[in-house]
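> Chains as they are written, first to last, in this note's numbering: chain A, 1 to 326; chain B, 1001 to 1432.
Read the hints as simulated data drawn from the structure, not as lab findings. Where hints are given, some of them may not hold.
Distance windows between CB atoms, simulated [said to hold, decoys possible]:
hint: 1; chain 1: A; residue 1: Ser-264; chain 2: B; residue 2: Pro-1062; range: 51 to 59 Å
hint: 2; chain 1: B; residue 1: Glu-1021; chain 2: A; residue 2: Ser-264; range: 48 to 56 Å
hint: 3; chain 1: B; residue 1: Pro-1180; chain 2: A; residue 2: Pro-199; range: 24 to 32 Å
hint: 4; chain 1: A; residue 1: Glu-325; chain 2: B; residue 2: Gln-1051; range: 15 to 23 Å
hint: 5; chain 1: B; residue 1: Pro-1062; chain 2: A; residue 2: Pro-286; range: 27 to 35 Å
hint: 6; chain 1: A; residue 1: Ala-273; chain 2: B; residue 2: Val-1210; range: 26 to 34 Å
hint: 7; chain 1: A; residue 1: Pro-286; chain 2: B; residue 2: Pro-1180; range: 35 to 43 Å
hint: 8; chain 1: B; residue 1: Arg-1025; chain 2: A; residue 2: Pro-199; range: 40 to 48 Å
hint: 9; chain 1: A; residue 1: Ser-228; chain 2: B; residue 2: Gly-1286; range: 39 to 47 Å
hint: 10; chain 1: A; residue 1: Glu-247; chain 2: B; residue 2: Glu-1425; range: 54 to 62 Å
hint: 11; chain 1: B; residue 1: Pro-1180; chain 2: A; residue 2: Arg-295; range: 39 to 47 Å
Residues from chain A that keep clear of chain B, each with C-beta distances beyond 10 Å, as calculated [said to hold, decoys possible]:
hint: 12; residue: Glu-47
hint: 13; residue: Ala-108
hint: 14; residue: Gly-226
hint: 15; residue: Leu-283
hint: 16; residue: Ala-285
hint: 17; residue: Lys-311
hint: 18; residue: Tyr-323
Using N, Cα and C, we set each Cβ at its ideal position, and we do this for glycine too.
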Amino acid sequence: MRTISFSQATLEAMQEEMRRDPTVFVYGEDIVRQGGIFGQFKGLPEEFGDRIRDVPISETAIVGAALGAALTGTRPVADMHFADFIGVAFDEIANQIAKNRYMFGGQANIPLVIRAPDGISKQAAAQHSQSVEGWVQNIPGLIVVAPSSPATAKGLLKSAIRQNDPVIFFEHKVLYPQKGPVPDGEYFTPIGKAEIRKPGTDVTLVTYSIMVQKSEEVAMELEKEGISVEIIDLLTLKPFDTATILESVKKTHRCVVAHEAVVSGGLGAEIAARIQEKAFFHLDAPVLRVGAKDRPIPFSPVLENYIAAQKDDIRKAIYAVLYREG
Amino acid sequence: MATEILMPQLGLTMTEGLIMEWKKREGEKVSRGEVLFSVENDKATIDVSAQADGVLARILGPEMVTVPVGSAVGIIAGENEAVPAPAAAPGAKKPETTVTATTEAIPASGQLKPQAELKPNTQPGPQPEQAKPALAQAADDTGYIRSSPYARVLADAEGINLGTIRGTGPEGAIIARDIPLDSRPREQMQQLDRMPPIAQTPIVQQAGFVDINLTRIQSVAAERMAQSWATIPQFTLYDEADAAAVQALAERFKSEQKPVSLTVILAKLLAHTAVKYPLINAVWLGGGKVRTFRDVMVNIAMDTPEGLVVPVLPHCVTRGFGELGRVMKDLSERAKNRSLTPADYEGGTITLSNLGMFGIKRFRAIINPPQTAILAVGAISPRLVPSGSGYVSRNYIEFSLTADHRVVDGAYAARALAHLRNLIENPLFLLD
Chain A
1 MRTISFSQAT LEAMQEEMRR DPTVFVYGED IVRQGGIFGQ FKGLPEEFGD
51 RIRDVPISET AIVGAALGAA LTGTRPVADM HFADFIGVAF DEIANQIAKN
101 RYMFGGQANI PLVIRAPDGI SKQAAAQHSQ SVEGWVQNIP GLIVVAPSSP
151 ATAKGLLKSA IRQNDPVIFF EHKVLYPQKG PVPDGEYFTP IGKAEIRKPG
201 TDVTLVTYSI MVQKSEEVAM ELEKEGISVE IIDLLTLKPF DTATILESVK
251 KTHRCVVAHE AVVSGGLGAE IAARIQEKAF FHLDAPVLRV GAKDRPIPFS
301 PVLENYIAAQ KDDIRKAIYA VLYREG
Chain B
1001 MATEILMPQL GLTMTEGLIM EWKKREGEKV SRGEVLFSVE NDKATIDVSA
1051 QADGVLARIL GPEMVTVPVG SAVGIIAGEN EAVPAPAAAP GAKKPETTVT
1101 ATTEAIPASG QLKPQAELKP NTQPGPQPEQ AKPALAQAAD DTGYIRSSPY
1151 ARVLADAEGI NLGTIRGTGP EGAIIARDIP LDSRPREQMQ QLDRMPPIAQ
1201 TPIVQQAGFV DINLTRIQSV AAERMAQSWA TIPQFTLYDE ADAAAVQALA
1251 ERFKSEQKPV SLTVILAKLL AHTAVKYPLI NAVWLGGGKV RTFRDVMVNI
1301 AMDTPEGLVV PVLPHCVTRG FGELGRVMKD LSERAKNRSL TPADYEGGTI
1351 TLSNLGMFGI KRFRAIINPP QTAILAVGAI SPRLVPSGSG YVSRNYIEFS
1401 LTADHRVVDG AYAARALAHL RNLIENPLFL LD
């Protein structure tokens, strides 16, 4: 076990996969000259030459070209710079990469990864702070993942590159410099499987990405008050691991879903819906969602804090489903 | 003077009763000893009689509702006596409201004015805060009870009427923590979850179906059988015996018009075997302890129109065949017209199940917990047995003993069974 940063972990995943498979290559903006704005591609151009390519600022072109390349049998990794810009390539994502396998009768694989740095960081304001997994949740044919730590970042990115269907890889900007333990040697984090970060008996807290560590901090504090929180780190957001969630809810009878994205139409809505469909008679309280208020992320740090979901919001939701004063 | 009608404890293990039917309506005159309502506990349906003369002023426990032992299910009052309303929840209005007991004879004219001027503390009946069951504050004006889905499931599993529970959730909603539980239901729920769903086959493809609600007695029996099967390491030994002697004995009693059936004879023979082999006449106490009994009380499995009942044929060793036959006849008649009482089920130490009358040759029975053994008896049928240089036809009876291996080992059970075989073939050894 080593301790490395999240961006270093993604870099290792890229190196290992690019060394192993010469068809893996990268399209992105400013990744050769700059090494990616978060340093997540640093060193790759030196080792892999023109397999790391800067392209003009056109997400449409990046994803469209990556799709064509994937159809010819290569494994492109397309970098979105900021997840907020994924909308520029929305037709490619929603109507092309997600549907090609289906529309052509399964004749071709689409082994394409879209890396999309997301989340609130350093007052980047409304167009550079979003968590947009809700945008793509509604598109059959896509796989969507969101690591929460260096270890899961490396394991999920390697799984994503080996995947024969398109994967959107949401990586939270705040996580890049954070360090954590990463296993030695090669390993994979399976797609479609959630991990229980902390077992508990009183309430199930379903979360992912940056909110996992916030949830862990809240759970540690609540433990002192005798509240036992089970934390489920989804890792794969689409298709998410319904079985693990249901198993936990049937044990705790209470559930809170926490994400940084806005509440309306977010992943929490889908999770809450599935729980009431499949485990209604196990519920002792409504499933509560914690997320950003339905507003653009403000530039003002005070307002940013106000709009974004905080640890205290998670705590209040847990008190609420336990019918406790807090 | 108003008297509360309490849910009686009908049997040692009874903790609650299901009110099946009120035989009297609110406002009807009742006299002491008259049947008020019928209640089903886990063993039988029993009529409960009035303990006082008066008017059935109020029914607090509606039909098909389960009520804990000792809770008030109704109030008997004197004619025209005011009866305090049951306690209302804090925050509910007018806790001092009274109702007036009336007889049906009183015309619905202006005479029925509420006697609200009577102060509650002058009432001879129960004080409002003592009246049970308390109205749940969870109920709204329409009677709808606010409760979480899980609380409902728990209450249902416990047989608890949500109307008797005080909710502590938002706006008085009943939530899981409000349901008084032993440790059972949670585990049961979890077990249920682990079980594969029974209704996986798409029911829309079936021509039709009927959902059947088991009676409380059947539900309890179902739970006990499942408990036995899941928790008792039970094994079965099969044996057979020449039935000529017991058949002759039964014929002899018949010719003397004594109701001594083959089942009665076998029960007595089993009882004498159990005296000799006390580990099959025992109950498992858990924690490495077994309690053996000096007396043998044989539960007899009986088929009735309502299904299986298993009353006790008491004192099978000390009583003679004739007396046991009379007791048995009484039990089976009362089983048929559903008038067995909880006392008829108390105290069994071993069980006998005879399916011979249906022509079943042999079967194994499931132990009736916490007992340690059960005898299963099959039909008598002829067979050829070697005799000299040829064969003769003899009537044989097959039977099996299922025993709890925590208490009884195979050799012990085999010796007990051999003893029983010997008694069946030579009943005179009872005198030995």
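> Next step is simple, just say for each hint if it's right about the structure.
Status of each hint after checking the structure:
1. A:Ser-264 / B:Pro-1062: 51 to 59 Å: violated (45 Å)
2. B:Glu-1021 / A:Ser-264: 48 to 56 Å: holds (53 Å)
3. B:Pro-1180 / A:Pro-199: 24 to 32 Å: Because 27 Å falls inside the window, the suggested range holds.
4. A:Glu-325 / B:Gln-1051: 15 to 23 Å: Given range 15 to 23 Å: violated, Cβ gap about 46 Å.
5. B:Pro-1062 / A:Pro-286: 27 to 35 Å: holds (30 Å)
6. A:Ala-273 / B:Val-1210: 26 to 34 Å: holds (33 Å)
7. A:Pro-286 / B:Pro-1180: 35 to 43 Å: violated (24 Å)
8. B:Arg-1025 / A:Pro-199: 40 to 48 Å: violated (56 Å)
9. A:Ser-228 / B:Gly-1286: 39 to 47 Å: violated (30 Å)
10. A:Glu-247 / B:Glu-1425: 54 to 62 Å: Hint holds: Cβ distance 58 Å, inside 54 to 62 Å.
11. B:Pro-1180 / A:Arg-295: 39 to 47 Å: Hint holds: Cβ distance 46 Å, inside 39 to 47 Å.
12. Glu-47: holds (51 Å)
13. Ala-108: For Ala-108 (chain A), whose nearest Cβ neighbour in chain B is about 36 Å away, the distance exceeds 10 Å, so it holds.
14. Gly-226: At about 14 Å from chain B, Gly-226 (chain A) clears the 10 Å cut-off, so the statement holds.
15. Leu-283: violated (5 Å)
16. Ala-285: violated (6 Å)
17. Lys-311: holds (24 Å)
18. Tyr-323: The claim is violated: Tyr-323 (chain A) sits with its nearest Cβ about 5 Å from chain B, within 10 Å.
When the structure is compared with the earlier hints, violations turn up for hints 1, 4, 7, 8, 9, 15, 16, 18 and for no others.
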